[in-house]
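Visitor: Please construct the entire structure, taking both the sequences and the accompanying hints into account.
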Amino acid sequence: MIAQGTAPALKYTAQNDAAEAIHVENLHKRFGELHVLKGVSLSARDGEVIAIIGGSGSGKSTLLRCINCLENPTSGIVRVNGEEIRMKADSHGHTVPADRKQIERIRSKLGMVFQNFNLWSHMTLIENVIEVPVHVLGVKRDVAIAEAEKLLARVGLAEKRDVYPAYLSGGQQQRAAIARALAINPRVMLFDEPTSALDPELIGEVLKVIGDLAREGRTMVLVTHEMKFAREVATHVVYLYNGLVEEEGPPEQIFGAPKSERLKQFIRNIG
Amino acid sequence: MARIIELLSPTPPGWGGTLLVGLLHSVEIAAGAFGLGLVIGICGAYGKLYGGPVVRDLLAVYTTIVRAVPELVLILLLYYAGTDLINQLLTAMGYQRIDISGLVAGIAVLGFVQGAYSTEVMRGAILAIPQGQIEAARAYGMSPGLLLRRITLPAMLPFAIPGLANLWLIATKDTALLAVVGFFELTLATRQAAGVTKAYLTFFLAAGVIYLLLTLVSNLIIGRIEVWARRGMPSLKEAR
Chain R
1 MIAQGTAPAL
11 KYTAQNDAAE
21 AIHVENLHKR
31 FGELHVLKGV
41 SLSARDGEVI
51 AIIGGSGSGK
61 STLLRCINCL
71 ENPTSGIVRV
81 NGEEIRMKAD
91 SHGHTVPADR
101 KQIERIRSKL
111 GMVFQNFNLW
121 SHMTLIENVI
131 EVPVHVLGVK
141 RDVAIAEAEK
151 LLARVGLAEK
161 RDVYPAYLSG
171 GQQQRAAIAR
181 ALAINPRVML
191 FDEPTSALDP
201 ELIGEVLKVI
211 GDLAREGRTM
221 VLVTHEMKFA
231 REVATHVVYL
241 YNGLVEEEGP
251 PEQIFGAPKS
261 ERLKQFIRNI
271 G
Chain F
1 MARIIELLSP
11 TPPGWGGTLL
21 VGLLHSVEIA
31 AGAFGLGLVI
41 GICGAYGKLY
51 GGPVVRDLLA
61 VYTTIVRAVP
71 ELVLILLLYY
81 AGTDLINQLL
91 TAMGYQRIDI
101 SGLVAGIAVL
111 GFVQGAYSTE
121 VMRGAILAIP
131 QGQIEAARAY
141 GMSPGLLLRR
151 ITLPAMLPFA
161 IPGLANLWLI
171 ATKDTALLAV
181 VGFFELTLAT
191 RQAAGVTKAY
201 LTFFLAAGVI
211 YLLLTLVSNL
221 IIGRIEVWAR
231 RGMPSLKEAR
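So the sequence lines, in the order shown, correspond to chains R and F. One point on numbering: in the UniProt record's numbering, the residue at position 269 of the first sequence is 269, and numbering is uninterrupted. One point on numbering: in the UniProt record's numbering, the residue at position 150 of the second sequence is 150, and numbering is uninterrupted.
The hints are simulated quantities; they were obtained by calculation from the structure and are not laboratory data. Where hints are given, some of them may not hold.
No more than 27 Å apart at the CA atoms, straight line, and that leaves these computed lysine-lysine pairs for DSSO-like [said to hold, decoys possible]: (1) R/Lys109 <-> R/Lys150; (2) R/Lys88 <-> F/Lys48; (3) R/Lys101 <-> F/Lys48; (4) R/Lys88 <-> R/Lys38; (5) R/Lys109 <-> R/Lys140; (6) R/Lys88 <-> R/Lys109.
Going by beta-carbon spacing under 10 Å, a handful of chain R positions derived as facing chain F [stated by the list, open to error]: (7) Cys69; (8) Ile106; (9) Ala166.
Just so it is clear, the structure is predicted and the values come from calculations on it, not from any experiment. Quick reminder that beta carbons are idealized off the backbone N, C-alpha and C, glycines included.
Guide: If you want it as structure tokens, here you go:
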């Protein structure tokens, strides 16, 4: 793994008086009979890196996906940038965003990176990166291209700008997906298990890019299985168990001196 | 041989010009019907995939009935009953009866039939798009219209083209069915030419060759479109 050893010394510590970028309060999510989130609260201030860890089925991905309403929370409050997402009940009794324009505006400030990259396969890398700035945010095409070239260079893919995603390795695709997220100049970056679909030898290159972003003070919420990485870059770690926050705190405490029996066992099993 | 060339000559007394006019009308109808079918197909597929229960049921009735009834029957029914219905409505509302042009009626009738098949082709193609790509577009704040235009349509195209190519070729040949309602397309033109000159073999062979050429040219163009639509996909040959 690249450059992980030196990370802790550089770690950015968020000020407590920094503005709250993400605020989640008493969030519930049901899929039919299945109660996935049972009242979760979460907060990310500017510059904080929140790592969400937990076993399979603990609800960690669902929690992340509720922040930008890829999953609609059943109840609870989600505030992005101080603005609460307004929800309403549809004709089937499901909770859905009340105002499509509001949710689209909020989404365009959140840079999401997916487990399976989800690059648009009919577009080259540069087209993928400029797509949202040009068509959603209304940035001029030449400005967007210049910016996208810088971002692709930054993730080490400058010479792949005109290549289609299918011709790239998983690690390269995920780095391009990070460039796509950065192109919208996101208020917060959301990572949904960004390395889980990668071959082991490709994980390092992606973690390095994410680590660099963390160290320069990007606000992020990161769902991950990479405990070593979470310990190095996170300012705050949340351990979810069975739809509830079992324990949370600074990484030194979560990984160094866990209190909960379940967390102790989880760290033993995964470490 | 000289007589055949004389018969097929594009200038009178040859009948070649008549056949070409027929071909032009056939292509016009086929293109119009195929285009109308595409629009109906996209709307139909969206309705079937994302619509409410009422919309889904109505579309299921539409696609089932249209695909169950022979096209010739549908054409006779829609052409005569359709124009009659429109005129009855117009007179009931106190307007003059109108003479519906064969071209418009032909496009409407064949387009309606094409739309039913197109709906299923499009539905399958949309389902074949990796869902993550749609999700990514939503996650970045694309509106439904933008998502359709920028992501769904181009991403489903490679999956839709083989089915749509079939529909286009069927459309070119279904125009011949409009001969029964007296629309002057290639088949009717051929029948006329053959009937007057009694050179049946010559003219029907000529018509056959023209339909074949139309298909060959279509294949050439479809092939190009398919290569373009699949631009982001590694070819199967490379994977072998």
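Visitor: Decide, hint by hint, whether the structure agrees.
Guide: Now for the hints, and whether the structure bears them out:
1. R/Lys109 <-> R/Lys150: holds (20 Å)
2. R/Lys88 <-> F/Lys48: Holds, at about 25 Å.
3. R/Lys101 <-> F/Lys48: The given pair, whose Cα atoms are some 25 Å apart, holds under the 27 Å limit.
4. R/Lys88 <-> R/Lys38: holds (19 Å)
5. R/Lys109 <-> R/Lys140: Cα-Cα ~18 Å, so holds.
6. R/Lys88 <-> R/Lys109: holds (22 Å)
7. Cys69: Holds, about 9 Å.
8. Ile106: holds (8 Å)
9. Ala166: The hint holds - R/Ala166 has a Cβ within 10 Å of chain F, the shortest such distance being about 5 Å.
Violation of the numbered hints given earlier is absent; every hint is satisfied by the structure.
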